[in-house]
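**Student:** Read off the chains here:
2 protein chains.
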Amino acid sequence: MEIMKKESGTIVSPKGFKVGGLHSGVKRKKKDLGILYSEVPAQAAAVYTLNKVKAEPIKLTQKSLSKDGIIQAVIINSGNANACTGKQGMYDAIKMQEETAKKLNIEKDHVAVASTGIIGMEMPMDKIIPHISKLEITKTKEASLDFGEAILTTDTFIKSVSFETEIDGKKVIMSGAAKGSGMIEPKMGTMLSFITTDANIEADILDKALKDIVNQTYNCITVDGDTSTNDMVLVMANGEAENNLLTENHPEWEKFTELLKRTSEELSKMIARDGEGASKLIEVTVKGANMVTDARKVAKSVVGSSLVKTAVFGTDANWGRVIVAIGYSGVEIDPAQIDLTIGGIQLLEKSEPVTYSEELAKKYLEEEEVINIDINLNQGSHSGKAWGCDLTYDYVRINASYRS
Amino acid sequence: MEIMKKESGTIVSPKGFKVGGLHSGVKRKKKDLGILYSEVPAQAAAVYTLNKVKAEPIKLTQKSLSKDGIIQAVIINSGNANACTGKQGMYDAIKMQEETAKKLNIEKDHVAVASTGIIGMEMPMDKIIPHISKLEITKTKEASLDFGEAILTTDTFIKSVSFETEIDGKKVIMSGAAKGSGMIEPKMGTMLSFITTDANIEADILDKALKDIVNQTYNCITVDGDTSTNDMVLVMANGEAENNLLTENHPEWEKFTELLKRTSEELSKMIARDGEGASKLIEVTVKGANMVTDARKVAKSVVGSSLVKTAVFGTDANWGRVIVAIGYSGVEIDPAQIDLTIGGIQLLEKSEPVTYSEELAKKYLEEEEVINIDINLNQGSHSGKAWGCDLTYDYVRINASYRS
Chain A
1 MEIMKKESGT
11 IVSPKGFKVG
21 GLHSGVKRKK
31 KDLGILYSEV
41 PAQAAAVYTL
51 NKVKAEPIKL
61 TQKSLSKDGI
71 IQAVIINSGN
81 ANACTGKQGM
91 YDAIKMQEET
101 AKKLNIEKDH
111 VAVASTGIIG
121 MEMPMDKIIP
131 HISKLEITKT
141 KEASLDFGEA
151 ILTTDTFIKS
161 VSFETEIDGK
171 KVIMSGAAKG
181 SGMIEPKMGT
191 MLSFITTDAN
201 IEADILDKAL
211 KDIVNQTYNC
221 ITVDGDTSTN
231 DMVLVMANGE
241 AENNLLTENH
251 PEWEKFTELL
261 KRTSEELSKM
271 IARDGEGASK
281 LIEVTVKGAN
291 MVTDARKVAK
301 SVVGSSLVKT
311 AVFGTDANWG
321 RVIVAIGYSG
331 VEIDPAQIDL
341 TIGGIQLLEK
351 SEPVTYSEEL
361 AKKYLEEEEV
371 INIDINLNQG
381 SHSGKAWGCD
391 LTYDYVRINA
401 SYRS
Chain B
1 MEIMKKESGT
11 IVSPKGFKVG
21 GLHSGVKRKK
31 KDLGILYSEV
41 PAQAAAVYTL
51 NKVKAEPIKL
61 TQKSLSKDGI
71 IQAVIINSGN
81 ANACTGKQGM
91 YDAIKMQEET
101 AKKLNIEKDH
111 VAVASTGIIG
121 MEMPMDKIIP
131 HISKLEITKT
141 KEASLDFGEA
151 ILTTDTFIKS
161 VSFETEIDGK
171 KVIMSGAAKG
181 SGMIEPKMGT
191 MLSFITTDAN
201 IEADILDKAL
211 KDIVNQTYNC
221 ITVDGDTSTN
231 DMVLVMANGE
241 AENNLLTENH
251 PEWEKFTELL
261 KRTSEELSKM
271 IARDGEGASK
281 LIEVTVKGAN
291 MVTDARKVAK
301 SVVGSSLVKT
311 AVFGTDANWG
321 RVIVAIGYSG
331 VEIDPAQIDL
341 TIGGIQLLEK
351 SEPVTYSEEL
361 AKKYLEEEEV
371 INIDINLNQG
381 SHSGKAWGCD
391 LTYDYVRINA
401 SYRS
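So the protein lines, in turn, are chains A and B. Residue 50 in the numbering used here sits at position 50 of the first sequence; the count goes up by one each step and never skips. Residue 61 in the numbering used here sits at position 61 of the second sequence; the count goes up by one each step and never skips.
Chain A on its own, in the form it takes in the complex (with noise of 0.2 Å):
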């Protein structure tokens, strides 16, 4: 069997997982408590920001999972990044990781904690603490829901994927939930990403696997440049599918790590989708590199452009500033051998402008909610990919507003 998207899938899909979430009243109105169990303990795997300003639930989690690389819990709030917060703001943290593993009666060290929201301000602990006892976990597409609300801040649309496959000959979900750039205040684009799954795997093999696969991935998407203090991609693996424990010598493999690669890549576009402000996404794909790595890093550099990202959002096909972002990417390219096509229509051939219908490419740019812009660099034979989004005047409001 290959692999098959769940329209329908959660992130409880997999077996024995279960979710909740609440208002406990950190932000306004919407939900900003939400929490994510494993009934058997899970082999886990996460990445961290590489901002060296880290918030204290990442520097917590951190500790807690190096201990046996086992979760069995994660709680999350939105609403306040307890970042910038300090010996209090740690006091905080390990205060929502004990309250989690009392009501679950599990390990401290097996509860992950994640905060997204504003910098530098306390955490209101008389509104998540007593929350968390309320917390009701169960495995509904209700629940899954209010998880998928409770862990987003300025995001537009919940963001969930769910993939089924078969390793062993038993049946294998993968399910991700995560939210994206965009925080209420003072709105960092704190990514954060859970991904369950029942496949049996132990946890260091699934490290690799997961650091292999965001830097394919979710270090692939980029809304503004900025790299929040919150970010964190966390796996959780509870083996209850009951395959053949997964290792890189497993006749699957492949398909396991293509399973975490495809539920890593949705979530990335969804993310990259739902930038601030953004009314569509950028897809660069890059071939004919001398590396895969430089690949990726003109992709990036494309996509990341602030000349781009406004010609799309203007819908000018204004293959001067993709050229310019390929040259000033740091990978060495020879200027002559580019060629560029945008939504399949060729605008430059080994460098050289071809004759195109300014008016189909237009028409392109203003009817796709997905442009794609391929580059050929004509070098080597390694491609890579990169996603992103329009710069708009929604960027700007968004981000211009005062925090009270």
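The hints are all genuine.
Copies of the same chain look alike in the list, so a pair counts if it fits in one copy or across any two.
Using 20 Å as the maximum straight-line C-alpha spacing, the simulated SDA-like pairs for lysine to any residue come out as follows:
| hint | residue 1 | residue 2 |
| --- | --- | --- |
| 1 | Lys15 | Lys255 |
| 2 | Lys52 | Met291 |
| 3 | Lys59 | Ser351 |
| 4 | Lys139 | Glu7 |
| 5 | Lys297 | Tyr328 |
| 6 | Lys87 | Val354 |
| 7 | Lys5 | Glu166 |
| 8 | Lys59 | Tyr328 |
| 9 | Lys287 | Gly344 |
| 10 | Lys297 | Gly330 |
| 11 | Lys350 | Met121 |
| 12 | Lys363 | Glu283 |
| 13 | Lys52 | Tyr328 |
| 14 | Lys87 | Pro353 |
| 15 | Lys6 | Lys261 |
| 16 | Lys18 | Glu39 |
| 17 | Lys103 | Gly16 |
| 18 | Lys255 | Asn215 |
| 19 | Lys139 | Glu164 |
| 20 | Lys211 | Glu266 |
| 21 | Lys108 | Ile70 |
| 22 | Lys52 | Asp339 |
In case anyone wonders, no lab produced these hints; they're calculated from the structure.
Using the hints, position chain B against chain A.
**Tutor:** For chain B alone, coordinates are given in the frame of chain A:
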């Protein structure tokens, strides 16, 4: 005598320089062709864009200047960048160089060529060539303004500065004219800067001084992170001041480099202030770094953050965004040691929030045209600065408008 700013100075204030500018028809209405001339061959030094894709005039000037370090005239057009134009583009750049050399009866390789404007369009040589011979070259204030205008694209004001000092008891003048970010179409952030001086110095030592100062000035400004194909800073020193030859051993060497630094810094700040859509200049000063390069890197990270830029536009003293940009600058910092003030109002001490008047901070951001963000990393003894501008609705408007 110290270094004095000459408020009424122009690009032709140093002895022996003349200029001209006119409308040739590349742009619709505004002046678009300029010339700068030294009565005697000038020792010259230049730095060029780091973009791998270089415009044809950049390649040509680089080649010509490398021959004997002498430039006697510069021909500049705006409206068309002559970039990504292939062999025809190089042919056209050479034609401009030859035509100028013929007009002035000087060596072809002593003419620098610069272009700024739309990328990837063939140069309208039928407009440019006949107008080169029509350029009048004088030492008047009017001619300086004509020249200043002829090199602009979407700039909103002419950028010019002049300083005077004495070296070996001789009056030495240094002046500069620049254009900044914002191209007509497709709106590259092309930066051109031309500096004239009558100081007596040789090309190789001038080159060394320039490279050092560029790192402290032009390379510390950012508008939108894009690097144009056409950027160039060119200094011409014609020796007419008759000071003793300047070398690093000259007793007033420091004064000369300070002159070059102040000229470059003033022009850089004007360029940042006139970033596309900008309403304010942001000056970030970083102290207490382990290395000068670290200090500049942190300063540039903060001033380049879209979230900091929109916060300034939104008059929000959002220190969380500043901390985040410090954290992802790539510099090893101690996240617990940061002092931060905005407009002299202290917001953080050793990374802990300080009680301050939000009202006063908002008033400062509303009323001032130059916003000072001061950071102390409290790690070492080095400092650095960077300059940028706020990110406004107008940035999006200017860059999202269709080329035609």
